[in-house]
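Q: Sequence:
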Amino acid sequence: MKKRWHQVFAILMASVLLCGCGAQKEEKADTTEIQIEEKEETQDIESEGTEETQENLGETVGILFPDKDDKTLSAEAETIKKGLEAKGYPVELAYAGNDKEKQAQQISQMVKEKVSGLIICPVNSGDLKDALKKAKKQGITVISYDRLIGNTENLSSYVGFDYNDIGKKMAECFVKEKKLDSAKKEKKSYTIEFFMGALDDMNGRIQMDAMMDVLDPYFDQGVLQCKSLRTIYEDVSIAKASKEIAEKTCENIMKANYMDSPVDLICVGNDDMTENIVSALKWQSGFEKSWPVIVSSGNNQAAFERLKEKTQALSVYQLRADLPQLCVDLVDQSIQGEEIKNSDTVNNGTAEIPAVFAKTKTADQSNYQKVQKQVTEK
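Quick note on the working numbering: the sequence shown kicks off at 1 and runs consecutively.
Rather than coming from a laboratory, the hints here were simulated on the basis of the structure. Be aware that a few hints might be false.
Simulated crosslink set (DSS-like; lysine-lysine; CA at most 27 Å straight-line) [stated by the list, open to error]:
#, residue 1, residue 2
1, Lys129, Lys81
2, Lys188, Lys289
3, Lys81, Lys137
4, Lys308, Lys179
5, Lys179, Lys129
6, Lys187, Lys169
7, Lys227, Lys255
8, Lys136, Lys114
9, Lys361, Lys308
10, Lys136, Lys169
11, Lys102, Lys243
12, Lys81, Lys178
13, Lys87, Lys100
14, Lys136, Lys102
15, Lys176, Lys341
16, Lys227, Lys184
17, Lys240, Lys100
18, Lys289, Lys255
19, Lys289, Lys248
20, Lys176, Lys81
21, Lys102, Lys129
22, Lys179, Lys169
23, Lys102, Lys134
24, Lys168, Lys137
25, Lys178, Lys310
26, Lys341, Lys310
27, Lys240, Lys359
28, Lys185, Lys289
29, Lys373, Lys308
30, Lys179, Lys227
Each pair of labels, with its calculated beta carbon distance range [as the list claims (entries may be wrong)]:
#, residue 1, residue 2, range
31, Glu309, Gly88, 47 to 53 Å
32, Lys137, Ser242, 34 to 40 Å
33, Ser242, Lys184, 26 to 32 Å
Virtual Cβ for every residue (Gly too), placed ideally from N, Cα, C.
My request is simple: use the sequences and hints to build the entire structure.
A: Below, the structure is given as structure tokens:
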């Protein structure tokens, strides 16, 4: 009997052990299936992420420029377009024919089309606030190109030139050429006149403010004076930055204030107008013996000839050849959510805007040949 009981006990134990092993095998099988399902789900998520990135890369970038007849800007627009297309972005390029209302409509239309980015060189730097508000609301990257868009916080960034630095360099030329730091002790004073860009030109305003930061102490000391009393931007701006208007304005100011004693210092907002300012001065009596110190900025090759002839003292030369590629890189980094490289900031009258600046070269009568060679080879 004892023997039979031992046999029954052995059979029961074997059954329990077999059941336990089966349960372990089933549990292991279930765990394996769960792991396989989780792996497949992870692969699906990763695949979807890759597809989404590729779709984002394919979203359209709008380029909105003032006028196709502006050869410099239109050539740069085409270069930007090709650069973005090479990175995989479809591009829509539009010109406004220098019509600010048309440009605002173009922006609104591209916002409706849900483009991923807008590159805007504005017709008018202060009239795009409402259009850009809609773009910002939709998360569209908005880049202000060359001409800074003012009075809005709805800019992603700006790519152009550092007009604060340009203005300081121009003013510092006056300080150096006329030794203004020692002029008060020597009881000397000098006259100065300004001919700046258009009234809506944010870059020109920044440039003027930077110059006055340097020059204001000399006005306060009586070392500098402006006979026309034009020392704020609203007064010194030239309508549409017109060369002809600049020349006529200069003639009128000289006739009214400088017939007896020629002006000593002249600041011109850009190199394009400088030729006309020089023309306005050449007929004035006394200027052949006492030519003023003239400074300007831009990328006009004629400035080098004026430096050679000594009719211009300084040009802060802007290297525009770098600008389109800087823009392409900035747009790509912004859309892809990457950190913007070599960024700075610029104040557009409402906010501090992230900015990427192209380089400048300061050319004067001592180094203009070297600078001309560098920019020509570039």
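Q: For each hint, tell me whether it holds in the structure or not.
A: Cross-check of the supplied hints:
1. Lys129 to Lys81: 25 Å, holds
2. Lys188 to Lys289: The given pair, whose Cα atoms are some 19 Å apart, holds under the 27 Å limit.
3. Lys81 to Lys137: OK: Lys81 and Lys137 at ~25 Å, within 27 Å.
4. Lys308 to Lys179: The hint holds at about 22 Å.
5. Lys179 to Lys129: Not OK: Lys179 and Lys129 at ~44 Å, beyond 27 Å, violated.
6. Lys187 to Lys169: 25 Å, holds
7. Lys227 to Lys255: 12 Å, holds
8. Lys136 to Lys114: OK: Lys136 and Lys114 at ~11 Å, within 27 Å.
9. Lys361 to Lys308: Holds - the C-alpha atoms of Lys308 and Lys361 are around 16 Å apart, at most 27 Å.
10. Lys136 to Lys169: 35 Å, violated
11. Lys102 to Lys243: Holds, because 25 Å separates the two Cα atoms, which is no more than 27 Å.
12. Lys81 to Lys178: Given that 27 Å is the threshold and the Cα spacing comes to 46 Å, the pair is violated.
13. Lys87 to Lys100: 30 Å, violated
14. Lys136 to Lys102: Given that 27 Å is the threshold and the Cα spacing comes to 20 Å, the pair holds.
15. Lys176 to Lys341: 35 Å, violated
16. Lys227 to Lys184: The given pair, whose Cα atoms are some 19 Å apart, holds under the 27 Å limit.
17. Lys240 to Lys100: With Cα atoms ~13 Å apart, Lys240 and Lys100 stay inside 27 Å; holds.
18. Lys289 to Lys255: Measuring from Cα to Cα gives roughly 18 Å; hence the hint holds.
19. Lys289 to Lys248: 22 Å, holds
20. Lys176 to Lys81: Violated, at about 43 Å.
21. Lys102 to Lys129: 14 Å, holds
22. Lys179 to Lys169: At roughly 15 Å apart (the allowed maximum being 27 Å), Lys169 and Lys179 satisfy the hint.
23. Lys102 to Lys134: Holds - the C-alpha atoms of Lys134 and Lys102 are around 16 Å apart, at most 27 Å.
24. Lys168 to Lys137: 37 Å, violated
25. Lys178 to Lys310: Measuring from Cα to Cα gives roughly 16 Å; hence the hint holds.
26. Lys341 to Lys310: Violated, because 39 Å separates the two Cα atoms, which is more than 27 Å.
27. Lys240 to Lys359: At roughly 25 Å apart (the allowed maximum being 27 Å), Lys359 and Lys240 satisfy the hint.
28. Lys185 to Lys289: 26 Å, holds
29. Lys373 to Lys308: With Cα atoms ~14 Å apart, Lys373 and Lys308 stay inside 27 Å; holds.
30. Lys179 to Lys227: 20 Å, holds
31. Glu309 to Gly88: 47 to 53 Å: 49 Å, holds
32. Lys137 to Ser242: 34 to 40 Å: Between Lys137 and Ser242, where Cβ atoms are some 37 Å apart, the hint holds.
33. Ser242 to Lys184: 26 to 32 Å: Since the Cβ atoms of Ser242 and Lys184 sit about 37 Å apart, the hinted range of 26 to 32 Å is violated.
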